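J.: Here's the letter readout for the chains.
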Amino acid sequence: MADATQARTGVTRRWLARWSAMLLCSALFWPVWCDRGSRACYRGEPDAWLPLARHVAAEALSGPTERVFNTPSPLYESEWQFGTYQLSALGLGQVAWRWPDQRAALLPAIKRCLEALTSPALRRSHAQAWGVDPLDSLDGDTGQVGYLGYLSLALGMYRLLEPDNEFNALHDRLIAALARRLAAAPTGLIETYPGQSFPVDNAAAIGGLGLYDRVTGADHGTLIRAWVTTCRARYIDPRSGLFYQQVNARNGTPVDEARASGTALGLYFVSFADLCFARECYAALRRRCLRRPLGLGGMREYPRLVLLGGNVDSGPVVLGFGLTATGFGLAGARLAGDESGYRALYRTMNLTGCPLNRRGQREYVAGGAIGSALLLAMFTADAELGREAR
Amino acid sequence: MVRAELTMLLGLVGLHAVLLRLAAHGRLVEQVLGGGVPPLGVGLLALAFIVVRALLVLLAPGLAVRVAWFGLRGLRRGARPPLGDAA
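If you're matching them up, the sequences are chains X and U in order.
Numbering that gives the first Met the number 0 numbers the first residue of the first sequence as 0 and each following residue consecutively.
Numbering that gives the first Met the number 0 numbers the first residue of the second sequence as 0 and each following residue consecutively.
Just chain X, with the same shape it has in the complex (with noise of 0.2 Å):
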């Protein structure tokens, strides 16, 4: 009897050894397995950058305007659509300003980017959020912050590139929009829906003018200040350093918690108009949420801790980490200057990401076409293209 507990006790020892040994050995060589390429993305080296690129562009190019992602509500199924040419544009516009020699390659996708950007299908939703089409409503007071923000940055990423465009005139008047919009906005935020704001849209409609001014020489200068001083006193939570998620669109006070996933993409679109605000952010997004189990690198989506849940915004929330924030935080490192968090975030996209190299293309399995998207735009955020407030 005894010899035979023994025996169990042994076989559960060794079965316990073998099976510790089997996942340290992954703790060890995954981090090491997927830090490649980390150092040559980081600084901007073409092999790095360029599969992905053309990736992205192909994708762009032969891609239906409305694309199916099975989101639950046809709301998010447009955001994530619009999201996707955003990115894609922002990220090509990126890499063809890194690299000149391949502008003629990524000019036309930037330009399909535009097309299926300002096309009816994916101005549906704010239309029908806010019973006016928001490119008709240009001349009047409505928000649509969360449509017209985000396109004035991919039209002033094309402007950069091509100067004399097809689209400047719808650039140069949404840009007079949003402007008039943010100085009468009382709680400084222009409505992305009726009702609701949010402070990464606006940081978008921000960049959005930075943007401007530099490809125009125009002045937004008082404005953007002006915003970024409100920003810092309201929407910034004091304890986190991080944005609100969403503020009351009435009063500004918020209603939902200070997040990584908001405060990572809000300091991306502020770079092109307040280089050191959007430092200031990373630094507290680093200090906060910025974590390096095993070897990898991961954002926490909330200051405290969750260890499950995430809704369309933050991705999947596992033992704290956020798969959007991870991915958004790279472009607030790259910009920070933050080599060892960048590559740490790196890593852990390159594990969970499933990147795919085939035919001189990477793509990122796992996120589809707006991951991509996303990583392309993420991974070539370049200081240089920011700005410091006059």
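It should be emphasised that the hints constitute simulated quantities derived from the structure, not laboratory data.
Mixed in with the good hints, there may be bad ones.
Output of the computed footprint for chain X on chain U, the stretches with three or more beta carbons under 8 Å from beta carbons of chain X [said to hold, decoys possible]:
1. 14 to 27
2. 47 to 60
Sample of chain U residues with no beta-carbon within 12 Å of chain X, all distances over it, derived [claimed, not checked]:
3. Arg2
4. Leu5
5. Thr6
6. Gly10
7. Gly70
8. Arg76
9. Gly77
If you're wondering where the values come from, they're calculated on a predicted model, not measured in any experiment.
Quick reminder that beta carbons are idealized off the backbone N, C-alpha and C, glycines included.
Given chain X's structure and the hints, the job is docking chain U onto it.
T.: Just chain U, lined up with the frame of chain X:
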């Protein structure tokens, strides 16, 4: 012993490679990440890919080390002449 582990390792790597290409072709994972209810076939394939990927991540390095370890030991034993010959 080593044969079973080698088979498992090669099976995992091969199955992962096939499912990765299938997933890329059909945008399977993207449809699951969207949060809606995917068609049954798409959901099952995506689930299979996620499970195989997780197994690959967790087990493949350990399996490779064991295959290499036992393989080398087997080779060393095989290379050593039998005692009778040495005498």
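J.: Give a verdict on every hint.
T.: So, going through the hints one by one against the coordinates:
1. 14 to 27: holds (count 5)
2. 47 to 60: holds (count 6)
3. Arg2: holds, 17 Å
4. Leu5: holds, 15 Å
5. Thr6: holds, 16 Å
6. Gly10: Non-interface label on Gly10/U holds, nearest chain X Cβ at 16 Å vs cutoff 12 Å.
7. Gly70: Since the minimum Cβ distance to chain X is about 15 Å, Gly70/U lies beyond 12 Å and the statement holds.
8. Arg76: holds, 21 Å
9. Gly77: Holds, because the least Cβ-Cβ distance between Gly77/U and chain X comes to about 24 Å, which exceeds 12 Å.
Hint check: no violations occur; every hint is consistent with the structure.
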